[in-house]
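Chains as they are written, first to last, in the numbering used here: chain A, 1 to 113; chain B, 1 to 113.
In short, the hints are calculated from the structure, not lab data. There may be inaccurate statements among the hints.
Said to hold, decoys possible - Straight-line alpha carbon distances no greater than 27 Å define the calculated DSS-like cross-link-like pairs of lysine-lysine that follow:
#	chain 1	residue 1	chain 2	residue 2
1	A	26	A	56
2	A	70	B	15
3	B	57	A	105
Predicted, not measured: the structure shown is a model, and the values here were computed from it.
Residues per chain are reported as follows:
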Amino acid sequence: SQQGEEDPQALSIQEGENATMNCSYKTSINNLQWYRQNSGRGLVHLILIRSNEREKHSGRLRVTLDTSKKSSSLLITASRAADTASYFCATQYSGGGADGLTFGKGTHLIIQP
Amino acid sequence: AAGVIQSPRHLIKEKRETATLKCYPIPRHDTVYWYQQGPGQDPQFLISFYEKMQSDKGSIPDRFSAQQFSDYHSELNMSSLELGDSALYFCASSLVPNYNEQFFGPGTRLTVL
Numbered sequence: 001s002q003q004g005e006e007d008p009q010a011l012s013i014q015e016g017e018n019a020t021m022n023c024s025y026k027t028s029i030n031n032l033q034w035y036r037q038n039s040g041r042g043l044v045h046l047i048l049i050r051s052n053e054r055e056k057h058s059g060r061l062r063v064t065l066d067t068s069k070k071s072s073s074l075l076i077t078a079s080r081a082a083d084t085a086s087y088f089c090a091t092q093y094s095g096g097g098a099d100g101l102t103f104g105k106g107t108h109l110i111i112q113p
Numbered sequence: 001a002a003g004v005i006q007s008p009r010h011l012i013k014e015k016r017e018t019a020t021l022k023c024y025p026i027p028r029h030d031t032v033y034w035y036q037q038g039p040g041q042d043p044q045f046l047i048s049f050y051e052k053m054q055s056d057k058g059s060i061p062d063r064f065s066a067q068q069f070s071d072y073h074s075e076l077n078m079s080s081l082e083l084g085d086s087a088l089y090f091c092a093s094s095l096v097p098n099y100n101e102q103f104f105g106p107g108t109r110l111t112v113l
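When you get a sec, could you build the whole thing from the sequences and use the hints?
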């Protein structure tokens, strides 16, 4: 199974700045998803991008996918203190069926007020 | 809107005991996934079910078993518990199994003493 690797592992920025997180994976995928997790809490789905898509927007989120480089990026614009959380990318294989997600190591984002 | 329900939310067990975690998917969702997240780790996929049949299998130990019942709820049974089984266990559900957003529950925090 493929594995997502994310960088940076930790990111601290000032409120109002933009935050960019990157994710790489190893094998072919059907889609890549981004999730947010507040400390010790559940995972909240942010956005899903399919392998035939290159860019997707949702509110202050922008996701890009480069299948030739097997990488994706998540951009959060005009960050807020409430965006402080861990962000994970997760890939879903092309194998069919109820495939489980393979998560990356995550980026811990801290927004300084 | 109804979300994924997991019970119990917290569970403390001794080594070598057994534990049963329950998951109630979002109404009309027919696919259930189980994930394990150790402290400071990314979530690891364990197993999934679609229409009451096992669909995909990840890194689930042989000591663990799971099933999905006729009402679509699922149970994860864990036997001969080890200290290393201490983790957050998440259940997720989706409406159709293939390549769609998974909705995560709040998790069950299992502590093995």
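Verification of the supplied hints:
The suggested pairing of residue 26 of chain A with residue 56 of chain A holds, with an alpha-carbon distance near 21 Å, which does not exceed 27 Å. Using a Cα cut-off of 27 Å, the hinted pair residue 70 of chain A and residue 15 of chain B is violated, with the two alpha carbons roughly 42 Å apart. Between the alpha carbons of residue 57 of chain B and residue 105 of chain A the distance comes to roughly 20 Å, so the proposed pair stays at or under 27 Å and holds.
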